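Asker: Using the hints, put the two standalone chains together into the complex.
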Amino acid sequence: MNPRPFALLLSLGLSTPSLLTQTHPTSAPHARQTAKSTAKLAPDFTRSDLTGKPIHLSAYRGKLVLLNFWATWCGPCLAEIPRFSAWQQKYAAHGLQVIGVSMDDEAAPVQKVYRKFQLTYPVVIGDEHLGNLYGGILGLPITYLVDPQGHILARYQGEPNLSQLEATIQKNLPTP
Amino acid sequence: MKSYFTRFFLAALLPLLAFTTAANAQNAPASSIPTAALLQPAELAAALKTPTPHKPLILQVGSHVLFAEAHIPGSEYAGPTGQSSGLQTLRDRVAHLPKDSAIILYCGCCPWSRCPNIAPAYSLLRSLGYTHLQVLYLAEDFGTNWVDKGYPTTKGR
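Chains A and B, in that order, are what the protein sequence lines are. According to the numbering used here, the first sequence holds residues 33 to 208 in order. According to the numbering used here, the second sequence holds residues 5 to 161 in order.
Excised from the complex, chain B in its bound form (with noise of 0.2 angstroms):
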């Protein structure tokens, strides 16, 4: 009886955890982010040019149309990470990685503490197990912090 009473308790509580970890992600800001997680643009732009055979996953989890004008060459778009449907397409890409893959998140869709994507894919993977993760740090945007400073892009979905 007290293992029944047991399983249908834990059957109850795992769905209820598993939505709470979901809005928590969801609504948390980045200055939720540590600093010792932040890559500076200089940083990457200059890991980018060094060919290695371990190049991390790089995922831009902000606005598709953002991401069609202009992204890091070989990064891919996984989001909006602002929105359940985008943290949903953020797990199902990570979904087969080993929980050491290196993977570099960024948005600059918007002022770095204004930006509803990037904490909430920073707070789900930390919560699914990644372990390298690091975020690409864009104080003003996208645009602002690696367009207009030359460093590579391209076009496209």
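Chain A on its own, in the form it takes in the complex (with noise of 0.2 angstroms):
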């Protein structure tokens, strides 16, 4: 056996500054959606928004509701919620709700960000429950959209074709 396979690995990928311009591996751009044809109720939660006032998933049943989990320092994320952010009024009249749940450390960010994009749907503040209980939230953004029955129409993992998920949505909207 050997006692250092960490020393090998090391050994493997030690490096000089000589070697900042090194090309990278490219990492993937564009969401992966997962469409479930038999779609699963999506796990209720009840958190307080930003002001304060308690938002229940369950409530909004009737609507299309795009559901958006993201965080303050995270570049995906800020680049689409000034577009959800629009949708919510383009839509609204149509049944679209978004709900933005952010996983951040802390509220201070969210409500700065809140502000400084005057998003007009609600946020809540999530955490590692709320992760766990949509199978884990371990990489941002994720965006999941739930039909007005309450089922989960589709899951976005990363940035996803804005374009196509609008159409979507069109396509969904309980009142179109």
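Rather than coming from a laboratory, the hints here were simulated on the basis of the structure. Treat the hints with care, as some may be off.
Said to hold, decoys possible - Per the computed footprint, the stretches of chain A lying under chain B, defined by three or more beta-carbons under 8 angstroms from a beta-carbon of chain B, are:
1) 98-106
2) 131-137
3) 162-172
Claimed, not checked - Within a straight-line C-alpha distance of at most 30 angstroms, the following computed DSS-like cross-link-like pairs (lysine-lysine) qualify:
4) Lys148/A x Lys72/A
5) Lys72/A x Lys203/A
6) Lys144/A x Lys122/A
7) Lys72/A x Lys153/B
8) Lys72/A x Lys85/A
9) Lys72/A x Lys159/B
As the list claims (entries may be wrong) - Residues of chain B placed beyond 10 angstroms of chain A at every Cβ, according to the derived structure:
10) His68
11) Val69
12) Pro84
13) Arg95
14) Arg97
15) Leu101
16) Pro115
17) Asn121
18) Leu132
Please read all numbers here as calculations on a predicted model, not as lab measurements. Don't be surprised by glycine CBs; every beta carbon is placed ideally from N, CA and C.
Answerer: Written out as structure tokens, the structure reads:
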């Protein structure tokens, strides 16, 4: 048995500043979408939004819910929330409800971003319990579409194609 | 007189250098980490299975909430290094370690190219003189590239 496997790993990975210009593996740029024909109910939760108003997910039955897990330190998240905010205004009368769940460690930066972007939808502060309820929010952003009956229509991990997502929303609005 | 000015100049310059180093660390993109320093998830998962008395220090430098949801067994939280407070947490954690300590950093909060934490962490430890550093390469995020692969995790803060 090799007593120091990590030493071997590290010997492969030792770096010097001169290596700083080396090329990098490319990362996957777009979201993976999971659409389930046998859709399960979106786990219900109750959290207070940034104004202190309680938000019950199940209270939005009858609406198409876009549930977005995000954080203020997440670049891709900040890129997409202005669109979600616009959709909330554009499609509210057709039955869309956007709900943001911030996975920040503290509420203060969330308040700041909320004001900066003038978000038009409620944002609650999430935690590991809420993350685990949704099977693990282990990378951001993650967005769910929940149909008016409360079933998960789709799950988008990473940055979704926003045009395609908007088309999906339009197709599933309770009041076209 | 000359030495007085030299001392005065150095006293003014050193805090500025420290500030500049920290600011640069915070702004570094993940692509600034040399490929040779990257560790693939499968490599680390295999190494974790091998009993050894010389385990590296594994530090998660991203979100504390995501760490609480799931992290690599034996790893510690030392972040978020995209923020000054997190860089200080990391600095404090390694302060008493020998410079040749084996340290593995990971985050996985976001896609690699958009991660705000991993490069600042690496850059800080390099600037502090740590030489045995590796960074776990999580292309998409911790969930996709570690948890979904069935590699070991544990929960809690």
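Asker: Compare the structure with each hint and give your call.
Answerer: Status of the hints after comparison with the structure:
Using a Cβ-Cβ cut-off of 8 angstroms, 3 residues of the segment 98-106 of chain A lie near chain B, which meets the minimum of three, so the contact claim holds. Residues of the segment 131-137 of chain A with a Cβ under 8 angstroms from some Cβ of chain B number 3, which satisfies the need for three, so the listed coverage holds. Coverage of the segment 162-172 of chain A by chain B holds. Counting CB-CB distances below 8 angstroms, 7 residues qualify, and the rule asks for three or more. The straight-line distance between the Cα atoms of Lys148/A and Lys72/A is roughly 35 angstroms, outside the 30 angstroms bound, and the hint therefore fails.
For the hint pairing Lys72/A with Lys203/A, the CA-to-CA distance comes to about 20 angstroms; that is within 30 angstroms, so the pair holds. A distance of roughly 24 angstroms separates the Cα atoms of Lys144/A and Lys122/A; the hinted pair therefore holds under the 30 angstroms criterion. Proximity of Lys72/A to Lys153/B is assessed by CA-CA distance (about 23 angstroms); at most 30 angstroms being required, the pair is judged to hold. Pair hint Lys72/A plus Lys85/A holds up; C-alpha atoms about 27 angstroms apart against a cutoff of 30 angstroms.
Between the alpha carbons of Lys72/A and Lys159/B the distance comes to roughly 25 angstroms, so the proposed pair stays at or under 30 angstroms and holds. Non-interface status of His68/B relative to chain A is broken: a Cβ of that chain comes within 10 angstroms, the nearest being about 5 angstroms off. The Cβ of Val69/B sits about 5 angstroms from the closest Cβ of chain A, inside the 10 angstroms cut-off, so the non-interface label is violated. The beta carbon of Pro84/B sits about 6 angstroms from the closest Cβ of chain A, which is not more than 10 angstroms, so the claim that it is off the interface is violated.
Once the 10 angstroms rule is applied to beta carbons, Arg95/B is consistent with being away from chain A; the minimum gap is 18 angstroms. The beta carbon of Arg97/B is kept farther than 10 angstroms from every beta carbon of chain A, the shortest such distance being approximately 17 angstroms. At roughly 14 angstroms from the closest C-beta of chain A, the C-beta of Leu101/B stays outside 10 angstroms, upholding its exclusion from the interface. Distance check on Pro115/B: its Cβ comes as close as 5 angstroms (rounded) to a Cβ of chain A, failing to clear the 10 angstroms threshold; non-interface status is violated.
For Asn121/B, the non-interface assignment is contradicted: its Cβ lies about 8 angstroms from the closest Cβ of chain A, within the 10 angstroms cut-off. No beta-carbon of chain A is positioned within 10 angstroms of the beta-carbon of Leu132/B; the least distance is around 13 angstroms.
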